[in-house]
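J.: Those protein sequence lines, which keep their order, are chains A and L.
Sequence positions in the first sequence follow this note's numbering and run 1 to 431.
Sequence positions in the second sequence follow this note's numbering and run 432 to 862.
Simulated from the structure, these hints should not be mistaken for lab results.
Among the hints, a few may not be true.
[Claimed, not checked] With a straight-line Cα cutoff of 16 Å, these simulated EDC-like cross-link-like pairs (lysine to aspartate or glutamate) come out:
#1 L/Lys-779 to A/Glu-103
#2 A/Lys-366 to L/Glu-469
#3 A/Lys-368 to L/Glu-821
#4 A/Lys-348 to L/Glu-534
#5 L/Lys-797 to A/Glu-38
#6 L/Lys-799 to A/Glu-353
#7 L/Lys-797 to L/Glu-811
#8 L/Lys-576 to L/Glu-538
#9 A/Lys-368 to A/Asp-321
#10 L/Lys-799 to A/Glu-39
#11 A/Lys-68 to L/Asp-774
#12 L/Lys-799 to L/Asp-770
#13 A/Lys-366 to A/Glu-354
#14 A/Lys-366 to L/Glu-470
#15 A/Lys-68 to L/Asp-589
#16 A/Lys-145 to A/Glu-180
#17 L/Lys-797 to A/Glu-353
#18 L/Lys-779 to L/Glu-852
#19 A/Lys-368 to L/Glu-470
#20 L/Lys-576 to L/Asp-542
#21 A/Lys-348 to A/Asp-403
#22 L/Lys-499 to A/Asp-321
#23 L/Lys-779 to L/Asp-834
#24 L/Lys-576 to L/Glu-611
#25 L/Lys-799 to L/Glu-784
#26 L/Lys-499 to A/Asp-343
#27 A/Lys-368 to A/Glu-353
#28 A/Lys-145 to A/Glu-119
#29 A/Lys-145 to A/Glu-86
#30 A/Lys-366 to A/Asp-321
[Said to hold, decoys possible] Cβ-Cβ distance ranges computed for the label pairs, FRET-style:
#31 A/Glu-5 to L/Val-537: 47 to 53 Å
#32 A/Gly-360 to L/Asp-554: 24 to 30 Å
#33 L/Asp-796 to A/Arg-371: 55 to 61 Å
#34 A/Thr-60 to L/Asp-770: 31 to 37 Å
#35 L/Glu-436 to A/Lys-348: 47 to 53 Å
#36 L/Asn-515 to A/Gly-360: 20 to 26 Å
#37 A/Lys-348 to L/Gly-587: 44 to 50 Å
#38 L/Lys-576 to A/His-374: 34 to 40 Å
Backbone N, C-alpha and C fix where the C-beta goes; we use that ideal spot for every residue, glycine too.
Protein chains: 2
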Amino acid sequence: MRMQEYSSRQQHRQTLREGGRLPDGFQIAVSSLQFVPEERPSTNPFTMNLSLILADEPCTSFGLSLTKNRIPGAPITRARAVLNAESLQGILINNRVANVCTETGVEDAGDILAHLGAELGLDSSVLLSSSTGIIGWRLPVEPMKAALPGLVAQLGHDSMLAVAESIMTTDSFPKLRRIELGGGSIVGVAKGAGMIEPNMATMLAFILTDFDVPREVLREELAAAVSASFNRISVDGDQSTSDMVVALASGRRQRPDPREFGEALRLICRQLAEDVVRNGEGTRHVLRTTVSGAESELQAVAVAKAVVNSPLVKTALYGNDPNVGRIIAAVGDYCGNHDIAIDSHNVKLSIGEESVFFAGSFHLDKAKELRLSHYLQSTELLPDNTAGLEYPPHEMCVEVVIDLGLGSAAATVYGSDLSDEYVRINADYRT
Amino acid sequence: MRMQEYSSRQQHRQTLREGGRLPDGFQIAVSSLQFVPEERPSTNPFTMNLSLILADEPCTSFGLSLTKNRIPGAPITRARAVLNAESLQGILINNRVANVCTETGVEDAGDILAHLGAELGLDSSVLLSSSTGIIGWRLPVEPMKAALPGLVAQLGHDSMLAVAESIMTTDSFPKLRRIELGGGSIVGVAKGAGMIEPNMATMLAFILTDFDVPREVLREELAAAVSASFNRISVDGDQSTSDMVVALASGRRQRPDPREFGEALRLICRQLAEDVVRNGEGTRHVLRTTVSGAESELQAVAVAKAVVNSPLVKTALYGNDPNVGRIIAAVGDYCGNHDIAIDSHNVKLSIGEESVFFAGSFHLDKAKELRLSHYLQSTELLPDNTAGLEYPPHEMCVEVVIDLGLGSAAATVYGSDLSDEYVRINADYRT
C-alpha cells in the first residue's frame with residue numbers, strides 16, 4: 001500500500017480500510033464505554049475506546065520495544081515482565097487514560113486482563129495491556145470489566161482500520177500501513193500526535209504478520225526498524241511514559257527471505273513514524289532534517305533533533321517565514337553546549353533547493369527569500385487555517401540539509417512546526 | 432529598588448525611571464533611525480534604536496559574559512578580543528538586526544565603531560558593539576553611521592530607563608534594577624523575551640556601578656552572579672547567538688565590602704533574569720522549578736530545565752490545567768535518556784502547597800485538582816487574554832518542587848508557559 005494524494009476523507013478511509021485486511025491468524029474487536037473519572041470535578045462522562053487484537057494461537061514469535069522513560073506506565077511494567085515469556089496471544093488497548101503511576105495501576109491492569117482471560121478461556125499471562133491518554137488518573141476498572149464480554153463478542157476479521165481509529169486520542173486521522181510480500185503480509189497501525197519524541201518506540205504501534213518469522217529474527221529486525229524510524233521523529237521533544245511497539249507473527253505463511261522481510265518491516269515503521277509526525281498536534285508542516293558531515297550517527301541525530309525541536313524554528317516554519325538564522329542558531333547552540341568543535345566556515349545549510357549558508361556566512365537576497373517563502377507555502381499540509389485535517393493531503397516535507405563539516409556520519413530526523421492550534425489542543429487536553 | 436505590585440503602566444515606568452539614575456561617571460544617549468533591509472522584499476522601512484553607554488574615563492574594571500553558541504554574532508567575536516584589553520569605555524547597542532554571520536559582519540561593526548570613536552575623540556579599541564534582532568541580515572551600516580553624530584549629541588545623565596526601552600525587541604516592558612549600598616549604586620538593564628536559554632549570559636544586559644571594584648573581583652563576582660541567574664532561566668530552550676552581559680565600574684565611589692558587593696550583584700542579576708522570564712514572549716505564568724535530592728547541581732539544573740522546557744508542561748500551565756502527569760513524564764523522560772537511576776518510589780513532586788506525587792504514585796482527588804486549578808489561575812500575570820502586558824502586575828510564580836531522592840544537591844530554574852501568543856509573535860517576527 002503506497003501512500004498517495006487523497007482528495008477526500010472518504011477516499012483516505014477507504015484506502016486504509018482495504019489496506020487493513022488482517023494477516024492470517026488474527027482477529028480484532030473494538031468497543032467503547034463511558035465513565036466519570038474519580039479525579040475530575042465534572043459530571044460529564046468521558047468516552048473510552050477499547051481494542052482487542054487476538055491471535056488464533058499463542059505466538060511464540062513476538063517483539064516489544066518499550067519507552068525508556070524512567071517513570072513508566074503500568075502497561076510498560078507488565079510488558080517488561082512479558083518480554084521473556086514463551087508466547088503472546090492478545091493485546092487489550094484503551095485510549096483516554098494512560099494508567100501511569102496510580103496507586104493501584106499494575107493491579108488494575110492485572111485485574112482487567114484476568115477478566116479478559118476468563119472471557120477468552122485463556123491464561124492472562126499471554127495477554128498484554130496497552131494504554132494511552134491522561135497520566136496520573138486511575139483506569140475505570142469496573143466499567144472496563146463490564147465492557148469486556150461485549151468486546152469479546154465483537155471479535156472477527158474486520159479491517160485493522162477499526163483498531164487504528166479506536167486507539168486515537170488527539171490524532172486527527174488514523175495511521176495504517178500494509179506491505180504484501182510473496183504470499184503473506186505485514187500490517188501496522190500507530191497512534192500518536194502529542195508527547196512524541198519516542199526513544200525505543202512511538203506512542204503505540206501494533207504490527208501483525210502472518211509470516212513464519214523466528215522470534216530472534218523478528219526482534220532483531222524490529223529493533224533495527226524502530227531505531228531508524230520511531231526513534232527518529234519528534235513532535236514536541238516529550239518522551240511519553242507509555243511508548244510501546246508490539247509485533248506479532250502468527251507463522252501461517254512460509255518463512256520469508258529475511259532481508260526482504262527486514263526491509264518491509266523498516267519501511268512499514270518508517271511510514272507509520274512519518275504518519276505520526278504528519279498528524280502531529282496542530283502540525284501544518286513536516287520538517288525533514290538531514291544532518292551530514294557528523295562525527296557519529298548519534299551526533300547527527302542529536303543535532304537534527306535540536307533543530308526540529310527548536311520552538312523558534314518551529315514557529316517560523318508555521319508562519320511560512322524562512323527565518324534561516326534560527327536554524328543556524330540552533331545548530332550553534334547545540335554544538336556550543338556539547339563541545340562539538342564545528343567551524344562555521346565548514347558548516348553548510350540548504351532548504352529545499354536553496355543553499356543559504358556556507359563559508360561562514362548567510363547568502364540571502366530578496367529573490368531567494370521569496371523563493372523560500374513560496375517553498376514553505378507549497379509544503380503546507382493545508383493551505384489555510386480554517387479546516388481540521390482529517391486526512392493527509394500529500395506527503396511533502398520541508399527539506400533541511402545541514403553539513404557539519406566534521407566527519408562522514410549522517411542521519412535524518414522528522415519533526416513538525418508549532419502552531420497556535422498545538423497550544424490550544426494542549427492547554428485544553430483534559431477538559 | 433524593590434519590585435512591587437504596580438497598578439498601572441505609568442506607575443511602573445515612573446518607578447523604573449527613578450531607579451535608573453546613573454551611577455557617577457557615566458552618560459547615556461538613545462536615538463533611532465529608519466532603514467530598508469537589503470534582504471527583505473518590502474518597501475516599508477524598519478525602525479532601529481541605538482543606545483550608547485559611555486563612561487567619563489576608560490574603565491580598567493570591566494567584565495563580560497558571552498554566549499557559548501558556536502556560531503556567534505559579530506559583536507561576540509569582537510567582545511572576545513576585547514576581554515583582555517586594558518580598558519573599556521563605551522558600548523553601542525542596536526536592536527532589530529543581530530549582525531550574525533553576514534559576509535561583512537565583523538568589518539561592519541568595526542566600521543561603525545571607528546566612526547563612533549572619531550565622533551567621541553576616542554580610539555575605537557575602547558568601544559564595544561552589542562546587537563540584537565534578526566539573525567542573518569546585514570546591519571544598515573550607512574544609516575547607522577549617519578545617525579551617530581545625533582546620538583553623541585544626546586549624551587547626558589538621563590535615566591537608564593531610556594536604554595532599557597531602547598534595546599527592546601519583542602519585549603513588552605523594559606527591565607531595570609537598582610541597588611544602593613553605602614555611598615554607591617549598581618544599576619542594571621536587560622533585554623530579552625525570546626530565544627532565551629542563556630548559557631553564560633542572557634540576551635543583553637548592561638550593569639553599571641560607580642564603586643571602585645578591582646577588575647578581578649568584578650569578573651569573579653559577575654561570573655558567579657551570571658551562573659546563578661541568567662544561566663538558570665529558559666523561555667524557549669533556544670540559546671541565542673548574541674547573548675552578552677557587560678559590567679562596567681567607574682571607580683568613583685570607595686571600595687565596597689566585597690561580600691556585600693557580590694551579594695548585591697547576584698541580586699541584581701537574579702532580579703533581571705526573573706524579569707526576562709516574566710516578560711517572555713506571550714508569557715502568562717512564570718514557572719519556578721526547584722529540583723532537590725540530585726547528585727549534583729548540574730544534574731538538578733538539567734532536570735529542572737527539562738521540566739520548564741517541556742512544551743506539554745508549558746501548554747498545560749497556560750491552560751491553568753494542573754496536568755501533573757506531564758511534569759512527572761518530563762522528569763522520567765530526562766532521567767531515562769541520561770541514565771539517571773531515579774526510583775519512582777523516592778521521587779516527590781509538589782505544586783504550590785500541594786503534594787501530588789510520592790511513594791511511586793500520584794495522590795490526586797477532585798478537591799486537590801480544584802485547589803491546583805485555582806492556584807494556577809491566581810498566579811497568572813493577567814487574568815484574561817485580552818490586554819497586552821505592558822508592565823508586570825506582580826511577582827508571583829508557579830512553584831514546582833521536585834525531589835529526585837538521589838543526593839543532596841539542588842537548583843532552581845525559571846521558565847514560562849507556552850501560549851498561542853508566543854506562536855503568533857514568533858511566526859510573524861520578521862514581518
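J.: If a hint holds in the structure, say so; if it doesn't, say that too.
T.: We went through each hint and held it up to the structure:
Note on L/Lys-779 and A/Glu-103: the hinted pairing holds, with a Cα-Cα distance of about 14 Å set against a maximum of 16 Å. Between the alpha carbons of A/Lys-366 and L/Glu-469 the distance comes to roughly 7 Å, so the proposed pair stays at or under 16 Å and holds. For a cut-off of 16 Å, the pair hint linking A/Lys-368 to L/Glu-821 is broken: about 37 Å separates their Cα positions. With a CA separation close to 14 Å, the supplied pair A/Lys-348 and L/Glu-534 stays within the 16 Å bound.
Distance hint between L/Lys-797 and A/Glu-38 is fulfilled; the C-alpha atoms sit about 7 Å from each other, no more than 16 Å. For the hint linking L/Lys-799 to A/Glu-353, the alpha-carbon distance of about 54 Å lies beyond 16 Å, and the restraint is violated. Of the pairs offered as hints, the one joining L/Lys-797 and L/Glu-811 is violated, with about 22 Å between alpha carbons and a cut-off of 16 Å exceeded. The suggested pairing of L/Lys-576 with L/Glu-538 holds, with an alpha-carbon distance near 13 Å, which does not exceed 16 Å.
Simply put, A/Lys-368 and A/Asp-321 have alpha-carbon atoms about 12 Å apart, close enough for the 16 Å limit, and the pair holds. Taking the CA atoms of L/Lys-799 and A/Glu-39, the gap is near 9 Å; set against the 16 Å cutoff, the hint holds. Taking the CA atoms of A/Lys-68 and L/Asp-774, the gap is near 13 Å; set against the 16 Å cutoff, the hint holds. For the suggested pair L/Lys-799 and L/Asp-770, the alpha carbons sit about 33 Å apart, so the restraint of at most 16 Å is broken.
Proximity of A/Lys-366 to A/Glu-354 is assessed by CA-CA distance (about 13 Å); at most 16 Å being required, the pair is judged to hold. For the suggested pair A/Lys-366 and L/Glu-470, the alpha carbons sit about 5 Å apart, so the restraint of at most 16 Å is met. Of the pairs offered as hints, the one joining A/Lys-68 and L/Asp-589 is violated, with about 57 Å between alpha carbons and a cut-off of 16 Å exceeded. Between A/Lys-145 and A/Glu-180, the direct Cα distance comes to roughly 37 Å. Violation of the 16 Å bound is thereby established for this hinted pair.
Taking the CA atoms of L/Lys-797 and A/Glu-353, the gap is near 55 Å; set against the 16 Å cutoff, the hint is violated. For the hint linking L/Lys-779 to L/Glu-852, the alpha-carbon distance of about 32 Å lies beyond 16 Å, and the restraint is violated. Between A/Lys-368 and L/Glu-470, the direct Cα distance comes to roughly 9 Å. Compliance with the 16 Å bound is thereby established for this hinted pair. For a cut-off of 16 Å, the pair hint linking L/Lys-576 to L/Asp-542 stands: about 9 Å separates their Cα positions.
Simply put, A/Lys-348 and A/Asp-403 have alpha-carbon atoms about 5 Å apart, close enough for the 16 Å limit, and the pair holds. About 26 Å separates the Cα atoms of L/Lys-499 and A/Asp-321, which puts this hinted pair outside 16 Å; it is violated. This hinted pair checks out: L/Lys-779 and L/Asp-834 have alpha carbons roughly 5 Å apart, not beyond 16 Å. Our distance criterion of 16 Å between C-alpha atoms is broken by L/Lys-576 and L/Glu-611, whose separation comes to about 37 Å.
Straight-line distance between C-alpha atoms of L/Lys-799 and L/Glu-784 comes to about 10 Å, which keeps the hinted pair within the 16 Å bound. Between the alpha carbons of L/Lys-499 and A/Asp-343 the distance comes to roughly 13 Å, so the proposed pair stays at or under 16 Å and holds. Our distance criterion of 16 Å between C-alpha atoms is met by A/Lys-368 and A/Glu-353, whose separation comes to about 10 Å. With a C-alpha separation of about 10 Å, the suggested pair A/Lys-145 and A/Glu-119 falls inside the 16 Å cut-off, and the hint holds.
Between A/Lys-145 and A/Glu-86 the alpha-carbon distance is near 26 Å, which puts this suggested pair outside the 16 Å criterion. Of the supplied pair hints, the one linking A/Lys-366 and A/Asp-321 holds, its CA atoms being roughly 13 Å apart against a limit of 16 Å. A hinted range of 47 to 53 Å for the beta carbons of A/Glu-5 and L/Val-537 is consistent with their spacing of about 48 Å. Judged by the Cβ atoms, the range 24 to 30 Å given for A/Gly-360 and L/Asp-554 holds: they are separated by roughly 28 Å.
Checking the proposed 55 to 61 Å range against L/Asp-796 and A/Arg-371 shows it holds: the Cβ atoms sit about 57 Å from each other. At about 33 Å, the beta-carbon gap between A/Thr-60 and L/Asp-770 stays in the expected band of 31 to 37 Å. Range check, L/Glu-436 to A/Lys-348: Cβ separation about 51 Å, and the 47 to 53 Å hint holds. Under the hint 20 to 26 Å, the C-beta atoms of L/Asn-515 and A/Gly-360, about 24 Å apart, fit the expected range.
The supplied range of 44 to 50 Å is met by A/Lys-348 and L/Gly-587, whose beta-carbon atoms lie about 48 Å from each other. Take L/Lys-576 and A/His-374: their Cβ atoms lie about 35 Å apart, and the range 34 to 40 Å holds.
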